[in-house]
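Undergrad: Heads up: the sequence shown is residues 1 to 268, going by the numbering used here.
Treat each hint with caution, since some may be false.
[Unchecked claim] Here are the simulated lysine-lysine pairs, BS3-like style, with alpha carbons at most 25 Å apart:
1) Lys155 x Lys134
2) Lys75 x Lys155
3) Lys87 x Lys125
4) Lys219 x Lys171
5) Lys219 x Lys174
6) Lys174 x Lys134
7) Lys164 x Lys184
8) Lys134 x Lys164
9) Lys134 x Lys184
10) Lys155 x Lys174
11) Lys155 x Lys219
12) Lys219 x Lys184
13) Lys164 x Lys174
14) Lys174 x Lys184
15) Lys125 x Lys75
16) Lys164 x Lys219
17) Lys155 x Lys184
18) Lys134 x Lys171
19) Lys171 x Lys155
20) Lys87 x Lys75
21) Lys125 x Lys171
22) Lys134 x Lys75
Keep in mind that the hints were calculated from the coordinates and are not lab data.
In this text the structure is predicted, and so the values were computed from the model without any measurement.
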Amino acid sequence: MENGKELSIEIGGYTATLKEMSLSSLSADVSRLTTGIAKLMDQARVIATIPTTYYPLWGVSCVGEAEAWILGENKTITRIDIHGVVKDTVTTCQYLPDGISVTRGRELIYSDGNSRTVNIVRDGKSETLITTRKGWKPGKLCCTRSGDILVHLFKMRGRQTNNKIIRYQGKNIKQEISNDGQGKSFFNDGGFFLFMSENNNGDVCVSDTNADTVVVVDKTGRVRFRYDGTPSRREKSFDPRGIVTDALSQIIVADSNNNCLIVRTDNS
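Input sequences plus hints: build the corresponding full structure.
TA: Structural data, given as structure tokens:
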């Protein structure tokens, strides 16, 4: 067919039409479609409100699109579906798990600060994946697309608590994210957990709850930018907690003080 011409085929009561387009026209249509999708994603829409028996709710880690593992203020980790129906429970942690995440293979992992371990659950039983160095306890977790595990580690020294993030490949330390190489720490001292997520470009996005700041570190270990909640029209001060990224590389962080989600681009 020549450019712009149409070919129609009738089958029963239906008509199918093929139209040849130039590459430039096709590219323009794809561009408009992509822009439309991006604009749709800018509009928040409630898909479901899922009831749980946990209050407060300390952790959520998705298993596909219709289920999630959740963590509350006890030793039980629960897998629920989008209707709130309990599908599974794990009680193998002796005390309170500090963090949960889900691997690429959809296996649950959790951290146990008391035993200094990160554990994986297989067939209802826990296996130790990682044992942290003496003095350092694991907190929040993040499983990356590459299969690495990001672990927030904290160390208490009297009244002071030091914080850093370690990237593990299997049981081995692959990267330490803690300072600029000259002793200046990326994260404030303090007893609150760091929440982490890895973006599509390899950036590690961190809610530093001790500094009330989001810190974004690139894959080479350098700070790209910090976000402290300004400019803001919100009534209360910025209090970042859980953090994730989406398919557009936007950073989505929960602001606990203002009961809202804040969306930032990876370049802002």
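Undergrad: None of the hints should be skipped; say for each whether it holds.
TA: Structure-based check of each hint:
no. : hint            : in the structure
1   : Lys155 x Lys134 : holds, 9 Å
2   : Lys75 x Lys155  : holds, 22 Å
3   : Lys87 x Lys125  : holds, 16 Å
4   : Lys219 x Lys171 : holds, 20 Å
5   : Lys219 x Lys174 : holds, 12 Å
6   : Lys174 x Lys134 : holds, 18 Å
7   : Lys164 x Lys184 : holds, 12 Å
8   : Lys134 x Lys164 : holds, 14 Å
9   : Lys134 x Lys184 : holds, 23 Å
10  : Lys155 x Lys174 : holds, 20 Å
11  : Lys155 x Lys219 : holds, 24 Å
12  : Lys219 x Lys184 : holds, 18 Å
13  : Lys164 x Lys174 : holds, 14 Å
14  : Lys174 x Lys184 : holds, 21 Å
15  : Lys125 x Lys75  : holds, 14 Å
16  : Lys164 x Lys219 : holds, 15 Å
17  : Lys155 x Lys184 : holds, 17 Å
18  : Lys134 x Lys171 : holds, 15 Å
19  : Lys171 x Lys155 : holds, 20 Å
20  : Lys87 x Lys75   : holds, 17 Å
21  : Lys125 x Lys171 : holds, 19 Å
22  : Lys134 x Lys75  : holds, 23 Å
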